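Q: The residues making up each chain are set out below.
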Amino acid sequence: MAMLEIKDLHAWYGASHILHGVSIAVGQGEVVALVGRNGAGKTTTIRSIMGLMPRMTGNISFAGTDLMTLQAHQRFRLGLAYVPEDRRIVPGLTVRENLQLGLVASHAGINERDAIDEIAESFPRLKERLDQEGATMSGGEQQMLAIARAMIAKPKMILLDEPSEGIMPVLVEEMGVLFRRLRDQGVTLLLVEQNVEWALRLADRAVIIDQGEVVHESSSAALLADKAIQERYCAV
Amino acid sequence: MDAELILIQLFSGVALGAILVITALGLSIIFGMLGVVNFAHGALFMVGAYGGLWVASLTGSFWWGLLVAPIMIGLFGMIIEWLLVRPLYGRSVDDPLLLTFGLSYVLVEAVRIVFGNDGIPFPTPSQLTGVANLGIGYFPIYRLFVIVVVAVVLLLLWLALEKTKFGLIVRAGARDPTIMRVLGVNISKVWLLVFGVGVGLAALGGVLAGPMRTVNPEMGSLVLIEAFVVTVIGGLGSLLGSVVAGLLVGIAISMTALFAPELGTIVMFALMALILLVRPRGLFGKTA
Ligand SMILES: Nc1ncnc2c1ncn2[C@@H]1O[C@H](COP(=O)(O)OP(=O)(O)O)[C@@H](O)[C@H]1O
Ligand SMILES: [Mg+2]
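Residue numbers (this note's numbering), protein chains in the order written: chain A, 1 to 236; chain B, 1 to 288.
One or more hints might be untrue.
[What the hints assert, rightly or not] Straight-line C-alpha distance at most 30 Å; calculated DSS-like pairs for lysine-lysine:
| no. | chain 1 | residue 1 | chain 2 | residue 2 |
| --- | --- | --- | --- | --- |
| 1 | B | Lys189 | B | Lys163 |
| 2 | A | Lys154 | B | Lys286 |
| 3 | A | Lys154 | A | Lys7 |
| 4 | B | Lys189 | B | Lys165 |
| 5 | A | Lys156 | B | Lys165 |
| 6 | B | Lys189 | B | Lys286 |
| 7 | A | Lys154 | B | Lys163 |
| 8 | A | Lys127 | A | Lys156 |
| 9 | B | Lys165 | A | Lys154 |
| 10 | A | Lys227 | B | Lys165 |
| 11 | A | Lys156 | B | Lys286 |
| 12 | A | Lys154 | B | Lys189 |
The hints are simulated quantities; they were obtained by calculation from the structure and are not laboratory data.
Fair warning: this is a prediction, and the values are worked out from it, not measured in the lab.
Using the sequences provided together with the hints, build the complete structure.
A: Now the structure itself:
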């Protein structure tokens with residue numbers, strides 16, 4: 001059974017019909033890269049999965065639960081975490097407090113201090129800055145914080161919207177290592193990326209979306225080799 | 001004019017300011033968190049005063065009035081949020097503004113029907129009548145009490161906001177409700193509680209103010225204006241700003257009363273104009 005299954009998803013912003021029947025399945029423990037050019041509908045797809053679109057139809061299920069009737073906070077509580085494109089580090093809060101936000105909804109089983117210590121080990125850059133205001137850090141560090149905040153409650157699946165965008169190469173490398181480790185731990189990832197090569201090297205499978213429709217699906221190795229399709233759908 | 005009189009008046013200003021602080025804080029919390037300009041805040045202050053009086057006369061104890069009325073009216077505030085304000089989220093900011101504006105008239109008329117048009121005296125509880133000698137002068141005990149209650153409530157609010165998980169959710173939710181939702185927080189519930197607390201603070205202000213004046217159905221309208229002035233001077237959404245500005249306005253009104261009683265309201269606006277000239281976003285307003 002798929003961890004995440006999207007069937008015939010349509011989504012609208014006001015009167016503009018953005019997604020036209022998207023179907024994507026992501027298996028348990030799988031890493032899927034969702035690519036496509038700017039404006040193709042990648043962010044809209046992720047926002048639909050999280051329940052943030054004003055209007056949508058179709059079917060989305062996660063770990064066997066129908067998501068369509070659930071609100072965003074209920075989806076998170078099923079183990080579905082989201083790292084938005086714009087990171088959304090809350091201004092005025094320290095790095096530690098931003099991490100705590102990742103835990104406020106988890107009721108039992110997680111000791112806050114232990115969880116923060118543990119996550120700080122995976123993110124040495126954050127460890128040094130726990131008491132600094134999160135929003136004053138560099139873009140890359142904020143991205144790391146957004147990922148750490150999404151990971152801290154140990155979700156089953158993480159939706160990542162262009163995590164490598166505008167980030168120093170060193171940090172992109174670190175992020176790649178982190179994602180591999182997450183996959184080894186059995187966390188399912190849906191990775192939206194413009195940095196196609198990097199994403200394909202991390203992913204098991206690739207889905208290309210164009211003008212609100214899925215236009216290609218294959219193993220990432222196959223897409224990595226197929227320059228023509230990359231050219232056609234992913235060139236800027 | 002002798003120094004003691006000035007001192008007593010200054011002290012009165014602090015007591016008056018304390019009530020403004022607590023009332024304006026309610027307004028500021030609701031605005032900061034929900035983006036709702038609560039035009040019913042003054043009317044809820046008035047309902048608080050009547051509620052306190054009513055519970056006090058039923059139970060024969062001011063203390064029950066002080067404790068129960070703000071809680072009851074806070075719960076009433078939650079019903080208002082749930083029933084009336086919530087359907088308006090995501091629409092133009094004018095909608096909740098008009099709604100609460102209309103609600104304030106309904107509340108005033110309802111109180112008029114139940115309690116009548118005339119002012120009702122709110123007796124000072126016997127334990128708090130008289131004056132106390134603080135070494136520098138004699139001060140009315142009830143006003144001292146008001147200052148202490150407000151200080152305690154402020155401390156509790158501060159602790160709740162800065163030291164608890166719920167406080168963290170409220171602070172973060174005021175900045176970015178969407179991220180809170182995708183982190184598993186049912187933000188509607190948070191808004192419901194925050195609205196209730198804000199309204200409860202207005203009601204508490206009303207109960208506390210009761211014994212310092214007569215209680216009448218119109219008493220909320222000036223308070224609403226004063227609370228707005230305080231939040232503007234303090235900087236919209238800044239809680240510390242509301243505290244400082246509330247005391248400032250209270251003292252300004254009180255000191256003016258000593259020299260030119262008829263200028264009490266004008267001096268508040270003059271102060272606001274002056275401060276906005278120097279700091280357009282208020283004393284503690286954040287720039288952009
Ligand atoms: N808030 C919005 N309101 C209206 N249209 C939007 C909004 N956000 C995105 N769109 C439109 O939806 C389409 C898909 O956008 P998006 O999902 O963000 O693409 P991607 O993430 O693949 O770059 C684009 O044509 C974009 O202009
Ligand atoms: Mg996007």
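Q: List, from low to high, the hint numbers that the structure doesn't satisfy.
A: Violated hints: 2, 10, 11; rest satisfied.
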